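Given the coordinates of chain R, assemble chains L and C onto it according to the supplied hints.
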Amino acid sequence: MKKTLSVILSLVMLFCVTGFSGCRGKNGSDSETEFNASALKEDYSQAGSAMSSKEINVYNWGEYISDGSEGTLDVVEEFEELTGIKVNYTTFDSNEDLYSKMKSGGISYDVIIPSDYMIERMIKEDMLQTIDLDKIPNYKYVSDDYKGLFFDPDNKYSVAYTGGMVGLIYNTTMVDETPTSWSIMWDKKYDGQILNFNNPRDAFGIAQYLLGYSVNSTDKIQWENAAEKLIEQKPLVQSYVMDEVFNKMEMGEAAIAPYYAGDYLAMYANNPDLAFVYPQEGTNIFVDAMCIPKSAKNKEAAELFINFMCDPEIALANANYLGYLCPITEVVNDDRYDYKGNEVLYPSEPVETEFFHNLDQDTLDLLSSLWEKVKLA
Amino acid sequence: MKTTSFAKKILNAPYIVWSVIFIIAPLIMVFYYAFTDRSGAFTWNNIIALKNYGETFGRSILYAVVATLICLVISYPLAYIIARSGASKRSTLMMLIMLPMWMNFLIRTYSWLTLLANKGVINTILGAIGLGPFHMINTPGAVILGMVYNFLPYMVLPIYSIMSKLDFSLTEAASDLGCNGFQVIRRVIFPLSVPGIISGITMVFVPSVSTFYISQKLGGGKYLLIGDSIEMQFQSAYNYNLGASLSLVLMLMIIACMFVMNKFADDEGAAII
Amino acid sequence: MKKTVSNIYIALIMIFLYAPMIVMVVLSFNSSSSTSVMSGFSLKWYGEMLKNSTTLTALRNTLILAVISAAISTVIGTAAAVGIDMMKRKWIKSTVLTVTNIPMMNPEIVTGVSMMLLFVFVGKFVGARDVLGFPTLLIAHITFNLPYVILSVLPKLRQTDPHLAEAAQDLGSTPFQAFFKVVLPNISSGIVTALIMAFTLSLDDFIISYFVSGAKFQTLPIVIFSMTKKRVTPDIYALSTVIFAAVLLLLIIMNVLQARAEKKELKAKKAE
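Residue numbers (the numbering used here), protein chains in the order written: chain R, 3 to 379; chain L, 969 to 1241; chain C, 129 to 400.
With the rest of the complex left out, here is chain R:
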């Protein structure tokens, strides 16, 4: 072993790598939604310079902010330039990942964007601090539909960022019928062409809708039946995905995938063969909201960031980039909003929906072990 190592050592010597310096390109100023409310700009820079600490950690979902790619507005950079506050922006891909990172106590975040049921859980476990709404003047733009929701009835801990529903995305060149039910995800005809969620709550949700259960059931048997259903489906599943779904559906790698309506719109832009349906058994509706954890180090800057995100111009850039429901009323009525009156986002016929609620610890433990069982099967 040691001999080998010394050989490798000497070989490695040959392969010294030095860094290269990347030069920063000019910032494309061709962004369609230029942020230019000059009065606001001054407010932000004043607020920013008054801060003692010049850094915040923002933890958001992947692909969940307008990031400057392909001529869009880079929201984080805009905020940094206006306020002089450095944003350490990192991403997670499920509420459970977020929870786990928070609980470890190893990292402190200033702004996080969990979903409804996770906010409920975090409030219950005393992980969030109250947001001072006086510091968020733009809160007035948030539609009343997104206030006083079940997870935060007094609007103390959260400011809505987006909303949406889960639906079934399918490729019309690979699926002949028009699916109306989640049961198509169990259809042997599509063996190896089905994707499913790679997080327990959403994956179980689909089985639960199909079986006619509530996604917030506390009945052990129901959860076990749902797990059985998922295990039954597993041989047909091509892979369990989160944001990997974009590439797979756009490339035509898979025929059927459940995912968020907003993301479908983004996929559709790249692959017009894709279609979308809300299955008849019902589906999940969610609200993702910005919160400040107890462990935040820079609450003031966090509030400034949340306020910035609620600014109608910024919210418009995000809404156009994300394609999710936007809680800011001004945006929804704005003619520059690409998805104004979009049938997928704002369906004219009512859709049967259910929010995820926080589950009690026993059910959570059960869910976690059943999910492992499904994944290991």
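Worth flagging that the hints you see were computed from the coordinates, not collected in a lab.
Some hints could be false.
To be verified - Only some residues are given here: those of chain R computed to face chain L with a beta carbon under 7 Å:
#	residue
1	S102
2	S241
3	Y242
To be verified - Mimicking EDC-like on lysine to aspartate or glutamate, the simulated pairs with C-alpha atoms at most 16 Å apart in a straight line are:
#	chain 1	residue 1	chain 2	residue 2
4	L	K977	C	E393
5	C	K358	R	D69
6	R	K105	L	E1140
7	C	K172	R	E72
To be verified - To list a few chain C residues with every Cβ distance to chain L over 12 Å, as calculated:
#	residue
8	K172
9	I192
10	K357
11	K395
Bear in mind the structure is a predicted one, so any value in this text is a computation, not a measurement.
All C-beta atoms, glycine included, are put in the ideal place defined by N, C-alpha and C.
Same frame as chain R, now just chains L and C:
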């Protein structure tokens, strides 16, 4: 003499302190977490829960063994050919084999996804000549391929390093004495290269058995390996205790393998002498 | 005949090794955002890459971390190697060497997880809100670098005559003078190897960093990991292509220089 021992202490002190805090202590933490619950009380539950992971361990070992064997079968002739080439060809070939290792391994793995996908590069090429499409991605084969691809150089290097030092006049002597080509390899070259093979096997097996990225990307999250389970406990399930007990078993398993391999290597070495 | 067979064999293996690289390089020039179908030539992903401040910051972070961790681990490791070499009692020596081997033999995921547990545990103990960050990354990188440093310096020390240092001391130099004037020049090649090796190991590490990094200081492999979890666009291929080209260029330069040096030596020998 006094000065020497003083100097020795000064020199060693930082390292010994460092290794106690950052090598020994973390391992103690693994033990601690494996035998406690969330509140810190002693429990056997994490160890009992391991019974659910038999299949995962089995699958990890199986894939890693297959990948290691494939690496060995590919690398052995390759190392031999390179060792017998001329000096300049030799160094060029070794460079070419090492070069991919300087690419980020995540990207290398990801580009296999592009190659193997149902509508990927390979199927497109095969389709043009009227073959396929073949279903390659999200299969155990794809996971094993990812392991072979990423860890092949670890097998080539040690075998090559031994072969390059071999005295090939021995093989000539053997053939002069009437051995045919196969016999030369079996009787002369192979026994001499055993130490290289042994280290190659360890260097491929250990990362293969504990990987988590390869199985997630190329296996589509369907063929979970032990590394995936550990990663899941730490990064999303927030069950450090179970994660620690899985890590503990993985570690002990590898120590056991290492022990056996070393023993085997020693015996072989003695036999050669 | 034999030669053809072996050449074909080598060619096949090279295809296997380089197919993903070729795919990556070709698709980095794609004009559409697909990472599988080439629809036209364009340089736009290189532009996107340069606009992406996350990647550039991560690249800078990676280099900073690699330089610092390589330097520190080389100093500690060299001192340790000298100390270990001087050890007289066999069992202490073998214990220290066994411990040294642990981070090298342990699967990386176990090393990463175990260090994370330690950091988190200590963090909770002292009530720190965010222990994971640059310091923990640095500690982890130094830790996995150390065994490689020690094992590349130790053999050089064994080749050095131990009486040299003693002789120097007899001639009136202090132990430190003896070390810097006599021992160090003899092991310098081992130290340089160690330094380069530590640097590359640190540059390339993903698994251990993944478990011990925080939000503020992200290295390139970690950023790439989160990129491959999202919608992957060819800018990540553009980035890899640039890195690949840099490595290749460096190798070629080094090889040319080496060849020249060898030629010069030959000429010098002939002249004698």
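Structure-based check of all given hints:
The beta carbon of S102/R is positioned within 7 Å of a beta carbon in chain L (closest approach about 4 Å), and the interface hint is therefore held. Using the Cβ-Cβ criterion of 7 Å, the hint placing S241/R at the interface with chain L is satisfied: the shortest such distance is roughly 3 Å. Residue-level restraint check for Y242/R holds (minimum Cβ-Cβ distance to chain L is 4 Å; threshold 7 Å). A hinted pair counts as satisfied when its Cα atoms are at most 16 Å apart, and K977/L with E393/C does not qualify at roughly 43 Å.
Between K358/C and D69/R the alpha-carbon distance is near 13 Å, which keeps this suggested pair within the 16 Å criterion. A distance of roughly 66 Å separates the Cα atoms of K105/R and E1140/L; the hinted pair therefore is violated under the 16 Å criterion. About 9 Å separates the Cα atoms of K172/C and E72/R, which keeps this hinted pair within 16 Å; it holds. Distance to chain L confirms K172/C as a non-interface residue, since its nearest Cβ pair spans about 19 Å, more than 12 Å.
Distance to chain L confirms I192/C as a non-interface residue, since its nearest Cβ pair spans about 18 Å, more than 12 Å. For K357/C, the condition that its CB be more than 12 Å from all CB atoms of chain L is violated, with the nearest at approximately 9 Å. Listed as a non-interface residue, K395/C keeps its Cβ farther than 12 Å from every Cβ of chain L; the least gap is roughly 18 Å.
When the structure is compared with the earlier hints, violations turn up for hints 4, 6, 10 and for no others.
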